[in-house]
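When you get a sec, could you build the whole thing from the sequences and use the hints?
Number of protein chains: 2
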Amino acid sequence: MNTLFARHRDLIERAVQALGMRGFWTPFPEVPSGKIYGATAREDGRLAHEARLGQPFALEGHPESHRLGAEVSPWGPALGITYPAAEPATLVAAAEAAAPVWAALAPEARVGILAEALVRLNAMSFEMAEAVVHTTGQAFPMAFQAGGPHAQDRGLEAVAAAWAEMGRAPARALWEKPAKGAPILIEKHWRVVPRGIGLVIGCQTFPTWNSYPGLFASLATGNPVIVKPHPGAILPLALSVAVLRDLLAEQGLPRDVVLLAVDSAEAPVAKDLVRHAAIIDYTGSNAFGAWVRANAGAARVYTEEAGVNSIVIASTDAFGPMCANIAFSLALYSGQMCTAPQDIFIPRGGIETDEGHKSFDDVAKGIAGAIDALLADPARATAVCGAIANPATLDRIAAARGLGRVIRDSAPLAEGRSATPLVVAVEASEAEAYGTERFGPIAFLVAVGDAEEGVARAAGLAREKGAITAALYDRDEARIIRAADAFARAGVNLSVNLTGEIFVNQSAAFSDFHVTGLNPAGNACLTDTAFVAGRFVRAMWRRPAPRPAA
Amino acid sequence: MNTLFARHRDLIERAVQALGMRGFWTPFPEVPSGKIYGATAREDGRLAHEARLGQPFALEGHPESHRLGAEVSPWGPALGITYPAAEPATLVAAAEAAAPVWAALAPEARVGILAEALVRLNAMSFEMAEAVVHTTGQAFPMAFQAGGPHAQDRGLEAVAAAWAEMGRAPARALWEKPAKGAPILIEKHWRVVPRGIGLVIGCQTFPTWNSYPGLFASLATGNPVIVKPHPGAILPLALSVAVLRDLLAEQGLPRDVVLLAVDSAEAPVAKDLVRHAAIIDYTGSNAFGAWVRANAGAARVYTEEAGVNSIVIASTDAFGPMCANIAFSLALYSGQMCTAPQDIFIPRGGIETDEGHKSFDDVAKGIAGAIDALLADPARATAVCGAIANPATLDRIAAARGLGRVIRDSAPLAEGRSATPLVVAVEASEAEAYGTERFGPIAFLVAVGDAEEGVARAAGLAREKGAITAALYDRDEARIIRAADAFARAGVNLSVNLTGEIFVNQSAAFSDFHVTGLNPAGNACLTDTAFVAGRFVRAMWRRPAPRPAA
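Going down the list, the sequences are from chains A and B. If you use full-length UniProt numbering, the first sequence closes out at 550, no skipped numbers anywhere. If you use full-length UniProt numbering, the second sequence closes out at 550, no skipped numbers anywhere.
None of these hints come from the bench; they were simulated from the model. Be aware that one or more of the hints could be misleading.
One copy or two, it doesn't matter: identical chains are merged, so the pair holds either way.
Okay, derived cross-link-like pairs now, SDA-like style, lysine to any residue, Cα gap no bigger than 25 Å in a straight line [what the hints assert, rightly or not]:
#, residue 1, residue 2
1, Lys177, Val119
2, Lys465, Gly34
3, Lys465, Ala99
4, Lys271, Gly297
5, Lys271, Ala169
6, Lys465, Ile480
7, Lys177, Val31
8, Lys465, Arg479
9, Lys465, Ser429
10, Lys180, Met21
11, Lys465, Pro29
12, Lys177, Gly500
13, Lys35, Ile184
14, Lys180, Ala379
15, Lys35, Arg120
In structure tokens, the structure reads:
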């Protein structure tokens, strides 16, 4: 089995090196190009996806007492795919039965298998993109990148971090203590011992990107994993589980090292599974996150929950590009990214720019106009905004219209269940409007006394409600550093003066740590050492060593 | 301030290297020798200790609303020392006030200061030994080693592990993404952000050894720390806090980065402090440990709790040395070590040895006789057994006499509140006797069908009740490996065929990971990466970087 490690050794070692350098690195091309993925790859992916529609999804040997699955594409049609389902107790028993073989493998054997799985997932990125499009509502370009190569990057990142951490101490050492006469010699042997069953609870909007880190980190460290997808976005994770199970079987290993726990909104199984898990990776709402954290017992829990992301506009020497950059961040996937900004703090008296002084309303108009310009072409608008994953988001938009002065109204696009950004102006005192997460394409322009107040309010919201990103536009270097300090203390990563082709929403594997774990938006970080180190322990046995012959 | 890092750079780097090698290494000599520590060191330490008796303990600038302290030496006299005490809210406010300056220091500045503190603590190891003797009841040799150099080793280990982890990613990187035309350049800056107030809850038996890892790990990663000693063993931690506070003041830093939270058995403050802490290090009972874990909220919790450690005797080719080794492990500090064995599983039908077949009773007699021989000389007996820290332990001994057939009775020694090992024989079916932790010099010889049953029962107990150590005597290599597997799965470190000057109780910093964190004896490990990595996060700020000049 170590042939897979040998095959992917260079990939794994370069990934470990990249983690330490934090520059740009990715082995999985993000461009959905036929030149890279094969001339027929896009068409092949589409056909493969279509062949699954209306069919039972095959997962050979998977526990199955009944079938579940009622996914409906945010673009319209029901997928009509059913998946094998089983009682939580059955899944837990299957995971426990598969666990010892997986735990007994050398770490390098596991790591080699997981690298191979990611390479196979990469090869099917076009099919995955279709699956992501029709469960999340993402437009194809994002679905390809975030559901495919970027998710694979995050998976490899977890494998590499786990590999590095498992290798931090040797498997064997000779302890030679000086003593009167001959030294005392003890041979010591350590083994990596996995913690137990891993449970990965996925979300609807980024089913692979947010699930791969926990899935691959738990597997790399020797734990079996039960993957519980969101009932609205099963297919991308079912495909992933299928790749892993097939590969395990090829390697003569039990398929049930990785299991799929499909449920429905009416009869959820997550709570039952939480009670049996030793490791839990959760992406979702703060409310269920709080339940998971409170009920996990001795399990290690890694969460990404929700928060309120902010932008503070203090000044800029690129007014137009700033507005365009913000517009894209608000419109991209209709604000359904955990990194999307919601609150934009703008001084009540306006700001200084390369185009001279701009009043609060000038800035508001600049951003609204940039959104309109971005979405003027219907095809481009759909490619940027995608569709709305959950109908409840439309209700939230409707309610948000009444929360302040509507600067730009939300409207559906030509395709799918869709909504362009709603932009509402409020006063800093109206925290009941902007101080809560309102998931979806809803943005508040918040009038503050000055930029310092904006930073203080944004950082305060991050501490209290959670935040994953923050952005600042400013020309004052000292104020930038003070803001960086303030957001760091609040556990938020800050982007400064972004214009052009880089956006606050973006989080690149091997470089950006995603979520700090220091505020309510999540207790874990993709992928720092803490994310992998707690998934296994080291157990030793030692005994007196024979004296070496003189 | 980085002069201290420069001064100790070699020490820190060698410590990091040792952590990766896991062979023998220590910078702090464990031999209480005048040649090493100075000809008058022992006498100086004694005089320094005596000068503190009956006096208020000085902690300059420490919050103080009243004085507390009612320590009584297990060797007889009351210490008569009082310590500054303040309300938890006052201590928390003081820690919060001191936190920003400590957090803002470069990691290397903090690490340099902490290395200097450990070197200073090392220089006062004789005074520390006296303080440990008269709070824990340890005899002088152990008090010196465990309370001094070995605790300092564990502190340095935590500093080194934290230093290595903080350095795992750079403080700055250039992200250069290829793009059509010029690459996209983003400069990224990361800072280490501490999690918040650290709380260290000490135990009575090893006040420094068990507290230094959490104390030094939290400090190294930028957190202020409140140290709450056991009310029966305040002095060793008060001395440690004093060294740190004085050094902080010398460096122009707020003393309140480290605070002492003295309480009494009648009015404990730990629960109040737990509610304010972001990081909690706890050593103590499972009962209070469970409370801490359930009530810590979002705080990171690292515990060492209690368990039932076992020895399994399958066969031996060194019967006499085996009995002598076990006898020492049972008698050392009267079984008050977290690593001391309690249950010794012996085949009902006896074992094969270098002295021929030995029946169950022969083995029992061998061990009992070895204890008697070890403790025959009264001075040596006191030096091995020390005194009993807590009077409740004597009650437990009395009760344990009725739990089976007494093979060797416990008796007081000439000095102090003391008790030699009680050895009781029971059947494997009598789990209510041996299946619970009975802290103190209480050992059960448990008759089992065979060695495999012994391993299974010992590993089962470890999983269910917790265990930190296990030992096995066996000549069968295949059975040894199977036992190593079984104990590893139960999260227990195993020692095999120990004879001579190495004992199952011993856990050497930089080589032995202490506690695995996989069973109820504790959720943390001294000192693996997981022990340090969760004490801080990394926060980034990024912005477009200027194009380098062509």
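A quick look at each hint next to the structure:
no., hint, in the structure
1, Lys177 / Val119, "between (47 Å within a copy, 22 Å between copies)"
2, Lys465 / Gly34, "neither (43 Å within a copy, 59 Å between copies)"
3, Lys465 / Ala99, "between (38 Å within a copy, 22 Å between copies)"
4, Lys271 / Gly297, "both (12 Å within a copy, 19 Å between copies)"
5, Lys271 / Ala169, "neither (36 Å within a copy, 36 Å between copies)"
6, Lys465 / Ile480, "within (23 Å within a copy, 53 Å between copies)"
7, Lys177 / Val31, "between (57 Å within a copy, 13 Å between copies)"
8, Lys465 / Arg479, "within (24 Å within a copy, 55 Å between copies)"
9, Lys465 / Ser429, "within (17 Å within a copy, 54 Å between copies)"
10, Lys180 / Met21, "between (47 Å within a copy, 24 Å between copies)"
11, Lys465 / Pro29, "neither (35 Å within a copy, 50 Å between copies)"
12, Lys177 / Gly500, "between (61 Å within a copy, 13 Å between copies)"
13, Lys35 / Ile184, "between (63 Å within a copy, 22 Å between copies)"
14, Lys180 / Ala379, "between (83 Å within a copy, 23 Å between copies)"
15, Lys35 / Arg120, "within (18 Å within a copy, 65 Å between copies)"
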